[in-house]
Amino acid sequence: MSMFLDQVTIDVKAGKGGDGMVAFRREKYVPDGGPAGGDGGHGGDVILVVDEGLRTLMDFRFNRHFKAQPGENGMSKGMHGRGSEDTYIKVPQGTTVRDAETGALLGDLIENGQTLVIAKGGRGGRGNIRFASPRNPAPEIAENGEPGQERKIELELKVLADVGLVGFPSVGKSTLLSVISSARPKIGAYHFTTLVPNLGMVTTSDGRSFAAADLPGLIEGASQGVGLGTQFLRHIERTRVILHVIDMSGMEGRDPYEDYVAINHELSSYNLRLLERPQIIVANKMDMPGAEENLIKFKEQLNKEKTDEFADDIPVFPISGVTRKGIDPLLNATADLLEVTPEFPLYEEEIEEETVQYGFRPEGPEFTIDRDSDATWILSGEKIEKLFQMTNFDHDETVMRFARQLRGMGVDEALRARGAKDGDLVRIGEFEFEFVE
647 MSMFLDQVTI
657 DVKAGKGGDG
667 MVAFRREKYV
677 PDGGPAGGDG
687 GHGGDVILVV
697 DEGLRTLMDF
707 RFNRHFKAQP
717 GENGMSKGMH
727 GRGSEDTYIK
737 VPQGTTVRDA
747 ETGALLGDLI
757 ENGQTLVIAK
767 GGRGGRGNIR
777 FASPRNPAPE
787 IAENGEPGQE
797 RKIELELKVL
807 ADVGLVGFPS
817 VGKSTLLSVI
827 SSARPKIGAY
837 HFTTLVPNLG
847 MVTTSDGRSF
857 AAADLPGLIE
867 GASQGVGLGT
877 QFLRHIERTR
887 VILHVIDMSG
897 MEGRDPYEDY
907 VAINHELSSY
917 NLRLLERPQI
927 IVANKMDMPG
937 AEENLIKFKE
947 QLNKEKTDEF
957 ADDIPVFPIS
967 GVTRKGIDPL
977 LNATADLLEV
987 TPEFPLYEEE
997 IEEETVQYGF
1007 RPEGPEFTID
1017 RDSDATWILS
1027 GEKIEKLFQM
1037 TNFDHDETVM
1047 RFARQLRGMG
1057 VDEALRARGA
1067 KDGDLVRIGE
1077 FEFEFVE
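Using the working numbering, read the sequence shown as starting at 647 and increasing by one per residue.
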């Protein structure tokens, strides 16, 4: 069973704000004490935080529901409730965060310790001390806490590697990674030995270092889902340099140049910008019979297909992963190329700057009215449902305030226009009341 998970959907719910309180001062020698109900505390946020010790999303395999704690309710004597602590969820470096319902990009987490708020906690409800006025000096009005934000989040891991090893199955990518780093990927004489990306730190002979990833073998049609499909193509997107490993011996009956063209076609089909990354061709298995002749033919075909005569030639490094011949020149050239290759931002077009925009926005309806099969009128809408949830129905004054708010939103007129009559039942959520003319 593979112990690698790089894509998962989780449910998160921020904490509800604490309820405000209706209370009055009751000191012995203080007549007409007045209101003294405190506000509720703020609900906890749900926050993603990058932990450099994590390598996969395996922690989410059995736990995909996260809920922050609600704020403390307000208390008497004007004491406010305590705000709840935020809930932190650890994710590995290279995690992309999207809203599962809209597909909107919420963030790209690549720095250790970087945080992202994905669900905001509700504010605390106001206590009756907030509603005192000269006209109503002793109100029995208090708000419930605002509900916390609830949403589905998609997490997608794209491993952080400077160099990506790509190529057909069994061309020697895993062997090469095991030779140039301390990584110990599974190696076997059959296709798709590598089922998950393997990451290793590489140190050159002159002391420079970089991270390299051995990615599962690609085949023709991978960008359309053939073989392992697009399951691991996403991990190439963060690399700055691609080492294109080719079996120059042709021992499996394939033509090295056709392999080279086929893999580049799959990369461009998945994401055209992958071809912007500089490539180094690694002619592997040069210790095998016929490899030298195939290399000469390969270079001739490569030069023949060159469209721009002034463009630099793609470097070709003949190596043998088994005998370790030609490894040092390859690593030094890779390190040199990394020093002059900038990072490729993945989401610069999607991430918008946080700026304030002023403009006219036509107001849509704040609620909708439907008719249930039992002839009950159904009121729905984000604003009206939030208003309902923040109303404390234990006090008559608060209920009357809710009725005034509905009237101010035009609910009464809208119900009359739809044909509502005196005594009809109106439902908001699971709460029912009678319509009164």
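Just so you know, the hints here were simulated from the structure itself, not pulled from any lab data.
Be aware that one or more of the hints could be misleading.
Under the rule of at most 20 Å between Cα atoms (straight-line distance), these lysine to aspartate or glutamate pairs were calculated in the EDC-like manner [what the hints assert, rightly or not]: (1) Lys971 x Glu1012; (2) Lys1029 x Glu1012; (3) Lys1032 x Glu796; (4) Lys723 x Glu673; (5) Lys736 x Glu786; (6) Lys1029 x Glu1076; (7) Lys950 x Glu939; (8) Lys1029 x Glu1059.
Here is how each hint holds up against the structure:
1. Lys971 x Glu1012: Since the Cα atoms of Lys971 and Glu1012 sit roughly 72 Å apart, the hinted pair is violated (cutoff 20 Å).
2. Lys1029 x Glu1012: The given pair, whose Cα atoms are some 6 Å apart, holds under the 20 Å limit.
3. Lys1032 x Glu796: At roughly 13 Å apart (the allowed maximum being 20 Å), Glu796 and Lys1032 satisfy the hint.
4. Lys723 x Glu673: holds (10 Å)
5. Lys736 x Glu786: Answer violated: Lys736 to Glu786 is near 44 Å, above 20 Å.
6. Lys1029 x Glu1076: holds (16 Å)
7. Lys950 x Glu939: OK: Lys950 and Glu939 at ~17 Å, within 20 Å.
8. Lys1029 x Glu1059: Within the cut-off at roughly 18 Å; holds.
The earlier numbered hints that this structure contradicts are 1 and 5.
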